[in-house]
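Asks: The primary structure of each chain is shown beneath.
2 protein chains.
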Amino acid sequence: MAPPSRHYGPVNRSKAVASDRSKEAGADFLQLDTADAPPGGLTDWLSRRLREAVGDGRLPGGSRLPASRVLAAELGVSRGVVTDAYRRLAEEGRVAGQGRGGTVVVAGPAPTVPPAATSSASAPAPSASAATSSAPALYRPDPDAEVFDLLRGTPARIDLTPGVPDLAAFPRAAWLRAERAVLDGLAAHDLGYGDVRGTPALRRAVAHWLARNRGIRADPDEVLIVAGTAQALALLGRALGRVGIDEVAVEDPGSLGARQHLAHWLAATPPVPVDAEGIRVDALRATGAPAVLLTPAHQFPTGVVLGGDRRRELLRWAAEGGLVIEDDYDAEHRYDRPPVPALRAALPERVCYAGSISKLLAPALRTGWLLVPARLRDAVLDAKRFADLGNPVLPQLVLARLMESGELDRHLRLLRRRHRRRRDAMIAAIRTHLPGATVHGAAAGLHLMLTLPEELGCTDIELATAALAAGVKTQPLSWHTRLPYPPGLVLGYAAGSPPELTEGVAVLGRLVRQAG
Amino acid sequence: MAPPSRHYGPVNRSKAVASDRSKEAGADFLQLDTADAPPGGLTDWLSRRLREAVGDGRLPGGSRLPASRVLAAELGVSRGVVTDAYRRLAEEGRVAGQGRGGTVVVAGPAPTVPPAATSSASAPAPSASAATSSAPALYRPDPDAEVFDLLRGTPARIDLTPGVPDLAAFPRAAWLRAERAVLDGLAAHDLGYGDVRGTPALRRAVAHWLARNRGIRADPDEVLIVAGTAQALALLGRALGRVGIDEVAVEDPGSLGARQHLAHWLAATPPVPVDAEGIRVDALRATGAPAVLLTPAHQFPTGVVLGGDRRRELLRWAAEGGLVIEDDYDAEHRYDRPPVPALRAALPERVCYAGSISKLLAPALRTGWLLVPARLRDAVLDAKRFADLGNPVLPQLVLARLMESGELDRHLRLLRRRHRRRRDAMIAAIRTHLPGATVHGAAAGLHLMLTLPEELGCTDIELATAALAAGVKTQPLSWHTRLPYPPGLVLGYAAGSPPELTEGVAVLGRLVRQAG
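Respectively, the protein sequence lines represent chains A and B. Numbered by my numbering, the letters in the first sequence go through residues 1 to 516 in order. Numbered by my numbering, the letters in the second sequence go through residues 517 to 1032 in order.
Treat the hints as calculated values from the structure; they're not laboratory data. Just so it is clear, the structure is predicted and the values come from calculations on it, not from any experiment. Don't take each hint at face value.
Stretches of chain B that chain A covers, calculated by requiring three or more beta carbons in the stretch to come under 8 Å of a beta carbon on chain A [to be verified]:
| hint | segment |
| --- | --- |
| 1 | 594-605 |
| 2 | 672-686 |
| 3 | 743-751 |
| 4 | 827-841 |
| 5 | 978-991 |
C-beta: ideal position from N, C-alpha, C; glycine also.
When you get a sec, could you build the whole thing from the sequences and use the hints?
Replies: This is the structure we're talking about:
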């Protein structure tokens, strides 16, 4: 096949350089092309084009027109053409300003996308009226994946949902200092396409962090930087499919969100009961599943630590061919108990390990790490490549600095003090206002689980619904269970002030008394 | 099933608060637990634990021990225990320092992961010797997806590979200013889990940008923020599968990388020839494919603009039921031609539109946007949710500020001036050193395509291999073709200085003369 003929090689070059005016004229702004203007009618033409763009919404209210000097240069017209056109639009009330602040559109078009179409079921519903009307639908027994968006988008006076650390403590000044240092030290090529596995600096920092804090020896080359635990599960879902695993057992109670993510990528996620020693390995064996996702250091939501015997039993199951996915989501936060080493440290060739910065700094950073057995490494790397070619570079380099400088350790110590005070406030409030409830898993983490007497008189879905109507947002425990279990609530304490936590629990106490 | 019994409720709380020392003692650092120490032997015990950690690599050379004050407080021991243990390790030559700079590990263990195992085939090979030995293997006729990592990781004196803008011009100061403003203005809850679709501020900024520069009217709710065009293709791959489309035709010549990404997610990617007017719609119809990926504004790699008749023919095909995926990868960079409006503007309900910041600012930011027809919106949003729960928030907010303040427009004007000079330098060098070559697509973009006479005497793979051996990195045109096509090279000019570009082209000229 012949190559395209519309080209110019060295031979034609002189013609191209002699820049046909009608070709060079034109700005990306509104795709204006002076070749369209009638002879002598430039101002009319430009005014009309601008009017159309304001009218059809391409220039919405509040948007700024280019400086007349700039637009005139781009179009290759005299500046007077542009200022005249701007003046006409101003006289028509379509734009305003023209001073040093620039010319701004003031009259937008009537909205043509009806509001009903834009706030589809998949969009969060942030308005107060929507919250009230959607509250009954929000808490349903078997919610789909959009429920977390809906919950987040629903306003409430007091937010006791679990999952985030104290975000007000985010080290903004340290982050900005690190960002400045990163930008100062960056080579130009660092801004190009990067290493799919993550920047070497962050992989090294994570390896050091895991060795120091989680007892895991890892070469930086084994660390894959990912966009949080959600992506770690997605990549594993893809990679496991390639080695013939399409079923991963999960803990029950166990995280609804994690289960939804696995279920999106895999054929089955059979539930395995959790008791006071953690996951029941006999029941895991009975499912016949080739792999299991679990939270051994601080089971979600029960807070149980995987007991010593159970740990050995699980490692035996893994050594015999089972694959463990260890979700180490909040192990760094602990208060009244010794640290629990990661399973990955004991059996690296049978354990995939996922951790993230979400509970240490902020979920909004979307940064985590994944370590897998050698035989899965290529498949997981491939999955990351075809997902997004690797995490953004700047936040990785900033984070690496915070981790290697000791700043993150300092932040963790600060968080522990603050979280412990908040946890204690919540437990004291529960003792006062919910004397019949039982608290689980409070020795570590960012949340606690509350079970309520079976004779409560309502489901936990109904309780959570009533609480939301009273301005208190929680998660019903039954969201995180599929097997029979008492009713309860999962309550986060890390992001609320002690008075808020106390007031929120008092509201729950009042509702439980009314139900009983 | 009964809830776990290892818990404490209000009743047991007093016991927990009375803090059993052996439970509270312990630091995450090396998971030390003083309960393990023999009575009276704390210093011995701590020294042994530290020695083990240095020996087995959990504390690698260069890592920093916690301040003695901090570790003593965490362990609940006197500070003398820690300083004594540190002193012993220092006497043994395992650590050094102890001053204000802290105590640093100096003796690491022998590496236990053999280098051969860590630099697997999937890892970039950055050493010079690896480059020399892998150079012949690097340029192969049908490369797999790892080839871009290998190419990037292979050092070369002069890099003429396409795909990046002038990264040295990245507006570091403006970025840092915007980041400071973002951190100053951020609410704590902005740092939690965010909107899967992207932050409202960036979706709004992108909608304005597209209206101003690409003629596209879009409501911010239609904009999905994604991790670059690679992720846009991945999400489309997932979403199209859900509506029964598992085949997407691609341009030929056409981007190898984009094809690899689609091929990972879909069953088939049949090639459709491109001629001087762009993609041959008759040939597209003949494939029977229900969808097509194309680059209408500046075809990659030929640089052809989709002609007016061809554009109408394509839109007719789409109106009859075909789906267009418009990869608008570098449309903002143009020099001697009028702007080309996006196809999306003409037929939004049949065109998926993908754009990104990679060619405007930097690929390392991994930020792009995807607009799809309404019927695909839920499926694409779902795919994004299960991929990673949404892009990181801070870079989105920084970018939104740069876009809305006019900073990005200024940067684009600066880039155009610089890129045009570089393009002109490359074309002049080609005229001098490669008089037999034909230049294509130089009126816009960041690269140009060179075709070479059929009587060249070697393949473009051989030419690229020889060039790399001579220190010049390029991409052979045949990587981007599956149908018969003349040999050639794809050369990026945006990231190199004019003298580098000239020298690189001179090397290519010498090699072509030697081959002929």
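Asks: All hints are to be evaluated individually against the structure, with a verdict given for each.
Replies: Going through the hints against the structure:
no. : hint    : in the structure
1   : 594-605 : violated (count 0)
2   : 672-686 : holds (count 5)
3   : 743-751 : holds (count 5)
4   : 827-841 : violated (count 0)
5   : 978-991 : violated (count 0)
Hints 1, 4 and 5 from the list above are not met by this structure, while the remaining hints are.
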